[in-house]
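Using the sequences and the accompanying hints, generate a full structural model.
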Amino acid sequence: GLESVGFAISLPVTGALVYRPSTMNSEIQVLDNLCKMLYESVDNANRLQAERALAELATSPECLQRCTLLLQSGTVPYAQLVASNTLLKLLTSKTGVNLQQRLELCTYLLNYLGERSSSLPPFVISSLCQLFARLTKLGWLDFDVETKSFPFREPVNSIARLAEESVDRGLLAVQLLALLVSDMNTMAGVDSISKQRKIALSFRDCHLLDIFKLSTSMLEKVIGASVDQTQLQLVNGLLQLSLNCLTFDFIGSLSDESGDDNVTVQVPTIWRIAFTDGGVISMFFRLYNVLPMELSGKVLQNIVQLSSLRRTLFSSNERQAYLAEIVKGVKAVMERPDKLRQQESFHEFCRVVSRLKSNYQLCELMKVEEYAEMMALLADFTIHSLRVGVLLCC
Numbered sequence: 112g113l114e115s116v117g118f119a120i121s122l123p124v125t126g127a128l129v130y131r132p133s134t135m136n137s138e139i140q141v142l143d144n145l146c147k148m149l150y151e152s153v154d155n156a157n158r159l160q161a162e163r164a165l166a167e168l169a170t171s172p173e174c175l176q177r178c179t180l181l182l183q184s185g186t187v188p189y190a191q192l193v194a195s196n197t198l199l200k201l202l203t204s205k206t207g208v209n210l211q212q213r214l215e216l217c218t219y220l221l222n223y224l225g226e227r228s229s230s231l232p233p234f235v236i237s238s239l240c241q242l243f244a245r246l247t248k249l250g251w252l253d254f255d256v257e258t259k260s261f262p263f264r265e266p267v268n269s270i271a272r273l274a275e276e277s278v279d280r281g282l283l284a285v286q287l288l289a290l291l292v293s294d295m296n297t298m299a300g301v302d303s304i305s306k307q308r309k310i311a312l313s314f315r316d317c318h319l320l321d322i323f324k325l326s327t328s329m330l331e332k333v334i335g336a337s338v339d340q341t342q343l344q345l346v347n348g349l350l351q352l353s354l355n356c357l358t359f360d361f362i363g364s365l366s367d368e369s370g371d372d373n374v375t376v377q378v379p380t381i382w383r384i385a386f387t388d389g390g391v392i393s394m395f396f397r398l399y400n401v402l403p404m405e406l407s408g409k410v411l412q413n414i415v416q417l418s419s420l421r422r423t424l425f426s427s428n429e430r431q432a433y434l435a436e437i438v439k440g441v442k443a444v445m446e447r448p449d450k451l452r453q454q455e456s457f458h459e460f461c462r463v464v465s466r467l468k469s470n471y472q473l474c475e476l477m478k479v480e481e482y483a484e485m486m487a488l489l490a491d492f493t494i495h496s497l498r499v500g501v502l503l504c505c
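Just so you know, the working numbering puts the end of the sequence shown at 505, numbered straight through with nothing missing.
Simulated from the structure, these hints should not be mistaken for laboratory data.
All figures in this text were calculated on a predicted structure; none of them were measured in a lab.
Please note: incorrect hints may appear among the correct ones.
What the hints assert, rightly or not - In silico lysine-lysine, DSSO-like type, Cα no more than 27 angstroms apart, as pairs:
1) Lys-306 - Lys-205
2) Lys-439 - Lys-468
3) Lys-200 - Lys-309
4) Lys-442 - Lys-478
5) Lys-332 - Lys-439
6) Lys-439 - Lys-324
To be verified - Ranges of calculated distance between the beta carbons of each label pair, as one might list FRET restraints:
7) Gln-431 - Leu-210: 49 to 57 angstroms
8) Pro-172 - Pro-233: 30 to 38 angstroms
9) Ala-487 - Ser-237: 38 to 46 angstroms
10) Val-153 - Gln-342: 38 to 46 angstroms
11) Ser-305 - Lys-468: 33 to 41 angstroms
12) Asn-428 - Ala-490: 40 to 48 angstroms
13) Gln-211 - Ala-443: 33 to 41 angstroms
For glycine and all other residues, C-beta sits at the position ideal for the given N, C-alpha and C.
If you want it as structure tokens, here you go:
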């Protein structure tokens, strides 16, 4: 049950998700073969045939049961992937899935991931976590009159606890949270902007700050600890989780975050306590120093956002102290420039410097004790980068 994997939620499973081997056993082989053909066949005609047959699955009245069958008994990883992708389409199709079925599917997914995640390939886990995130988002506003609760919200706190407390399930819980935060921040699956805004702002107010604090408290524990390959995966997941929190559309503007035009992170006032002491930004610069190069880019992506917090979040003295931490961190990065040879890290570091210029006034920068040293290093860094750029172009 869910209790065995740490999720404190229990929902009844009715006939909607139950498959009967006597009537469906022959179908599993057909579905399995179609999935394998779709992803492994070198014959275009065979792949097209499989694609058409599986597309019909999404419009079938038995879609939910057959996808559950594929998840439960499919013998190739592609079977679980097809089932997950098909269910994702089913959620917003004309056929649809009723409330009780969605609740049961949500429960089933958490159980399934808890029991099988160690044996599933990463692309299947990611797809199933995405399905859970979409189910949770679409049911976020559904209120159960009998229990006087929002049932789709219940697993979130349990998953957060699991992330911190479970060695075995920690990575899975972090992946679930990261994809949930990400999906809550998109229009995907939602039929109106007003509904999406209502869902996103409710999620922001109920859970987002706690999830961000969870990610930073877990990352803090990494500093000074020996990190093996398994833990590196967890750290990577935590960095993505914190980044998803910091890039959240806090004010419901639905703006395009892909460019650098919007350079202010509009965190709510209630978040100020998480930043005013400078501990979080300082921690990310320390993470940059201790983590391997492969994670440097993602650490710097977080620092870009932390360097862009809205000015009104701080008092004048707090802002000056926060700026001092950024300048100190930027200076330290340039004093040990090895990791900046990686293209992603170089690009993200340039964004940090750009945000520093955009979000702080010159008079504020000049008050920082290490400003002159940082500027001297920055001048050398710029000249060196331009020379390298010229050499690469020649």
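Here's how the hints hold up against the structure:
Distance check on the hinted pair: Lys-306 and Lys-205 sit about 19 angstroms apart at the alpha-carbon level, within 27 angstroms; holds. Taking the CA atoms of Lys-439 and Lys-468, the gap is near 15 angstroms; set against the 27 angstroms cutoff, the hint holds. At roughly 22 angstroms between alpha-carbon atoms, Lys-200 and Lys-309 fall within 27 angstroms of each other, so this suggested pair holds. For the given pair, Lys-442 sits about 15 angstroms from Lys-478 by alpha-carbon distance, which is consistent with the 27 angstroms threshold.
As the CA atoms of Lys-332 and Lys-439 are separated by approximately 22 angstroms, the hinted pair is consistent with the 27 angstroms bound. At most 27 angstroms may separate the alpha-carbon atoms for a hinted pair to count; Lys-439 and Lys-324 meet this at roughly 23 angstroms. Range check, Gln-431 to Leu-210: Cβ separation about 52 angstroms, and the 49 to 57 angstroms hint holds. Hint check: Pro-172 to Pro-233, Cβ distance near 33 angstroms, so the stated range 30 to 38 angstroms holds.
Ala-487 and Ser-237 have their C-beta atoms about 45 angstroms apart, which keeps the hinted 38 to 46 angstroms range intact. In this structure, Val-153 and Gln-342 meet the distance hint of 38 to 46 angstroms, their C-beta atoms being roughly 39 angstroms apart. The hinted window of 33 to 41 angstroms between Ser-305 and Lys-468 holds, with their beta carbons roughly 37 angstroms apart. For the hinted restraint 40 to 48 angstroms between Asn-428 and Ala-490, the CB-CB distance of approximately 29 angstroms leaves it violated.
Under the hint 33 to 41 angstroms, the C-beta atoms of Gln-211 and Ala-443, about 55 angstroms apart, miss the expected range.
When each numbered hint is compared with the structure, violations occur for hints 12, 13.
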